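Read in order, the letters of the sequence shown correspond to residues 1 to 223 in our numbering.
Quick caveat, the hints were computed from the structure, so don't treat them as lab data.
From a predicted model like this one, the values you see are computed outputs, not experimental measurements.
Backbone N, C-alpha and C define an ideal beta-carbon position, used for all residues, glycine too.
It cannot be assumed that every hint is accurate.
Beta-carbon label-pair distances, calculated as ranges [stated by the list, open to error]: (1) G27 <-> G107: 22 to 30 Å; (2) E78 <-> S109: 20 to 28 Å; (3) E156 <-> P217: 34 to 42 Å.
In silico SDA-like links for lysine to any residue, alpha-carbon gap of 25 Å or less [said to hold, decoys possible]: (4) K6 <-> S65; (5) K128 <-> S38; (6) K43 <-> E62; (7) K130 <-> M12; (8) K86 <-> G27; (9) K79 <-> Q60; (10) K79 <-> E62; (11) K145 <-> E201; (12) K6 <-> I50; (13) K145 <-> L121; (14) K39 <-> P11; (15) K128 <-> V182; (16) K142 <-> R192; (17) K216 <-> F123; (18) K130 <-> E187; (19) K142 <-> P125.
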Amino acid sequence: MASPVKVYGPPMSTAVSRVLACLLEKGVNFQLIPVDMSKGEHKKPDYLKIQPFGQVPSFQDESISLFESRAICRYVSEKYANQGNKRLYGTNPLEKASIEQWLEAEGQSFNPPSSALVFQLAFAPRMKLKQDMGVIKQSEEKLNKVLDVYEQRLGESRFLAGDEFTLADLSHLPNTQYLVSVTDKGEMFTKRKNVGRWWSEISGRDSWTKVVDLQKPPPPKSA
1 MASPVKVYGP PMSTAVSRVL ACLLEKGVNF QLIPVDMSKG EHKKPDYLKI
51 QPFGQVPSFQ DESISLFESR AICRYVSEKY ANQGNKRLYG TNPLEKASIE
101 QWLEAEGQSF NPPSSALVFQ LAFAPRMKLK QDMGVIKQSE EKLNKVLDVY
151 EQRLGESRFL AGDEFTLADL SHLPNTQYLV SVTDKGEMFT KRKNVGRWWS
201 EISGRDSWTK VVDLQKPPPP KSA
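The whole structure should be built from the sequences, with the hints applied where relevant.
Structural data, given as structure tokens:
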């Protein structure tokens, strides 16, 4: 049996959780290797050899090293095309093109404002950093415009790239999870009929519920 692939980083990271969801969808065995960013482990020389920008995640599959979560997801979906969810990255050029255009929309249009909101609303308070209300307002306005487009699209198809759950949908899970469950901005998704239906369906997948479980802090040790 092949050795499990290695994923470096904390599951609380949105980028790490994206990769974990993909691996679970494809039924790929993995080893999650913690990286304590509070101690600067992501900036140490050994780690920089596999992630030159000192970020998470990094990924190893035997002799292959990769970084950037969306690239890792594409690699996993292609290499393990015949196992797990076989429709995750499409099975023909047209399906792949549709998935790619919505992955691009996620990366270029959805991710910037949603990531800004996740940081300002979910992470800044934990890090005892002052929230930037101007960034929050601007990001919320931008995200609302994106979600208006999604609302129309999801009235035409069950998922973003068609009628099958794909990487295009999966890539939205990490940021949306934080916005819906940790911040007061969840209504941006749930108040929209089609977006709300889509979120309920994709967030209920076994792969994602397992990732959310991984993100929960371990129970306290008994005395």
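Hints, verified against the model:
Separated by about 25 Å at the C-beta atoms, G27 and G107 satisfy the suggested range of 22 to 30 Å. One distance hint, 20 to 28 Å for the beta-carbon pair E78 and S109, holds here, with the actual separation near 25 Å. Separation of E156 from P217 is about 40 Å and conforms to the stated range, judged on CB atoms against 34 to 42 Å. Distance check on the hinted pair: K6 and S65 sit about 9 Å apart at the alpha-carbon level, within 25 Å; holds.
For the hint linking K128 to S38, the alpha-carbon distance of about 14 Å falls within 25 Å, and the restraint holds. For the hint linking K43 to E62, the alpha-carbon distance of about 22 Å falls within 25 Å, and the restraint holds. Between the alpha carbons of K130 and M12 the distance comes to roughly 21 Å, so the proposed pair stays at or under 25 Å and holds. Between K86 and G27 the alpha-carbon distance is near 10 Å, which keeps this suggested pair within the 25 Å criterion.
Of the pairs offered as hints, the one joining K79 and Q60 holds, with about 13 Å between alpha carbons and a cut-off of 25 Å not exceeded. Among the hinted pairs, K79 with E62 is consistent with the structure: their alpha-carbon atoms are about 13 Å apart, no more than 25 Å. For the hint pairing K145 with E201, the CA-to-CA distance comes to about 22 Å; that is within 25 Å, so the pair holds. Of the supplied pair hints, the one linking K6 and I50 holds, its CA atoms being roughly 11 Å apart against a limit of 25 Å.
Proximity of K145 to L121 is assessed by CA-CA distance (about 19 Å); at most 25 Å being required, the pair is judged to hold. Restraint check: the Cα-Cα separation between K39 and P11 comes to about 16 Å, which is no more than 25 Å; the hinted pair holds. The hinted pair formed by K128 and V182 meets the criterion: a straight-line CA distance of about 16 Å does not exceed 25 Å. Proximity of K142 to R192 is assessed by CA-CA distance (about 16 Å); at most 25 Å being required, the pair is judged to hold.
Annotation: proposed proximity of K216 to F123 holds, straight-line Cα distance about 15 Å (limit 25 Å). Proposed proximity of K130 and E187 is supported: the alpha carbons are some 24 Å apart, at most 25 Å. Of the pairs offered as hints, the one joining K142 and P125 holds, with about 22 Å between alpha carbons and a cut-off of 25 Å not exceeded.
Violated hints are absent here; each numbered hint is respected by the structure.
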